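There are 2 protein chains.
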Amino acid sequence: MLILATNDDGVYSPGLTILAKALKELGEVYVVAPDREQSAVSHALTLHRPLLVEQVMDRVFSVNGTPTDCVNIAVGGLLPRMPDIVVSGINKGGNLGDDVTYSGTVSAAFEAAIMGIPAIAVSMVARQDFIFQGAAEFAARLARVLLDKGMGKDTLLNVNVPNLPPAEIKGVKVTRQGRRIWGGSVLERIDPRGKKYFWIGGEVENWIDSPDADHEAVKQGYISVTPLKLDLTDDAALGVVRGWGELG
Amino acid sequence: MLILATNDDGVYSPGLTILAKALKELGEVYVVAPDREQSAVSHALTLHRPLLVEQVMDRVFSVNGTPTDCVNIAVGGLLPRMPDIVVSGINKGGNLGDDVTYSGTVSAAFEAAIMGIPAIAVSMVARQDFIFQGAAEFAARLARVLLDKGMGKDTLLNVNVPNLPPAEIKGVKVTRQGRRIWGGSVLERIDPRGKKYFWIGGEVENWIDSPDADHEAVKQGYISVTPLKLDLTDDAALGVVRGWGELG
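Chains A and B supply the protein sequences, listed in that same order. Sequential numbering from 18 applies to the first sequence in our numbering. Sequential numbering from 18 applies to the second sequence in our numbering.
To be clear, the hints were calculated from the coordinates, so they are not data collected in a lab. Take the hints with a grain of salt, since some may be wrong.
A pair holds if it fits inside one copy or across any two, identical chains being indistinguishable in the list.
As the list claims (entries may be wrong) - Here are the computed lysine to aspartate or glutamate pairs in the DMTMM-like style, where the Cα-Cα straight-line distance is at most 20 Å:
#	residue 1	residue 2
1	K41	E154
2	K190	D226
3	K170	D248
4	K170	D252
5	K170	D226
On a predicted model such as this, the values are computed, not experimentally measured, just so you know.
Make the full structure from the sequences, and use the hints.
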């Protein structure tokens with residue numbers, strides 16, 4: 018098996034090192050990851066400048082770009098052939114609910130799925146003091162099952178792990194993507210020269226209640242596994258918009 | 018009506034100017050857009066540095082950030098209240114099929130939908146010599162119908178317009194998001210100092226055949242309207258993954 022590991026926290030992030038080590042059980046692991054933190058870069062792709070690659074160690078490369086760039090450079094240039102699976106993470110912070118669309122971690126898995134490669138994104142739901150070990154072991158186990166059982170194309174698995182010692186994790190739930198109640202804030206400040214500037218502030222954790230949602234499983238102490246698909250078409254809305262008639 | 022117009026090509030892009038002008042029929046239009054081109058930045062959000070805002074004209078602001086930043090700064094700081102609708106575009110280039118996930122234009126509409134605001138993204142399917150007028154008129158008409166009829170929450174409309182004189186556009190089709198056959202390329206080059214670098218190359222236009230897909234409608238000369246949803250959960254895959262059993 019040929020495995021690509023990547024992330025958005027950067028090539029030296031301990032979550033990626035632990036992940037790559039756990040994945041070595043399954044086969045040959047290449048790490049191709051950003052040279053610095055790239056959180057919240059989403060599915061951004063670098064088209065306007067060339068990308069530099071540094072070999073950091075044997076089969077470990079850093080790229081001065083986004084996670085999506087890394088998957089492209091890895092598959093298109095660095096790996097000996099198409100990988101059998103791509104695993105992205107372990108992210109320092111959850112990627113739950115609508116946040117998946119901002120996430121570099123999830124977008125790297127999304128890019129792999131676009132290429133037709135089985136893909137998993139793994140995130141720790143915490144802000145600090147990350148306990149990566151259980152998540153790394155679970156990622157390796159899930160990768161093995163995914164490779165063994167297979168899944169329809171155009172789907173990736175988004176995994177969120179509660180930040181608990183492995184023995185305290187209650188189990189695994191297969192969940193739906195949750196939905197935030199939007200509560201973003203923008204902070205206005207004044208610089209030393211009297212000029213206004215803005216910070217995009219933190220969101221308050223506020224979810225629409227949904228018993229089978231990803232955030233709910235993690236809150237209860239379970240690992241959440243959410244299958245996400247590439248096709249964003251809103252099937253229910255197709256009929257609604259067609260019913261408007263007067264567009265033509 | 019209070020309308021927010023934004024884009025990813027930058028505040029001075031003619032597609033945005035024409036769009037804002039067309040939307041003035043519907044109400045008061047604010048433009049809040051990036052200060053420079055931000056193509057392929059996807060849903061990236063700027064959290065690690067403050068954002069500067071310049072007032073360019075009456076109700077026109079530039080932000081040194083991404084399209085998603087612009088929607089946040091507009092709604093959270095610059096507009097007098099929540100806008101009734103957000104329209105993003107008119108993009109210089111199509112946002113068809115899987116490409117929606119890379120697109121800053123579509124992500125701005127996505128962000129608005131997360132906030133619960135009706136949202137439309139509009140793109141011209143061409144590389145140059147853009148004929149924006151028909152697209153701008155259609156965007157205003159669609160915005161009016163969307164505001165009038167309403168739609169379920171958590172949905173946005175992704176519009177792609179063939180680059181034809183308005184009289185030659187055949188009509189409107191409500192479509193599904195298409196799916197590319199992945200054919201991305203990575204180009205390897207050598208710099209003047211002998212060091213290797215990479216460019217992420219262009220994709221060959223190669224689609225999986227699908228009569229009701231967005232790219233097919235545009236190819237036939239129709240405006241394509243695709244409803245996209247925020248919930249990426251793959252419903253069909255939920256059962257598959259639950260069937261794996263041994264994860265717990």
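Outcome of the hint check:
When the C-alpha separation of K41 and E154 is checked against a cutoff of 20 Å, the pair qualifies only within one copy, where the shortest distance is 11 Å, while the shortest distance between copies is 56 Å. In this assembly of identical chains, K190 and D226 lie within 20 Å of each other by CA distance solely inside one copy; the values are 16 Å within and 36 Å between copies. For the homomeric pair K170 and D248, the shortest alpha-carbon distances inside one copy (11 Å) and between copies (18 Å) are both at most 20 Å. In this assembly of identical chains, K170 and D252 lie within 20 Å of each other by CA distance both inside one copy and across copies; the values are 19 Å within and 13 Å between.
Within a single copy, K170 and D226 get their C-alpha atoms only as close as 30 Å, which misses the 20 Å cut-off; across copies the closest is 16 Å, which meets it.
In this structure, every one of the numbered hints holds.
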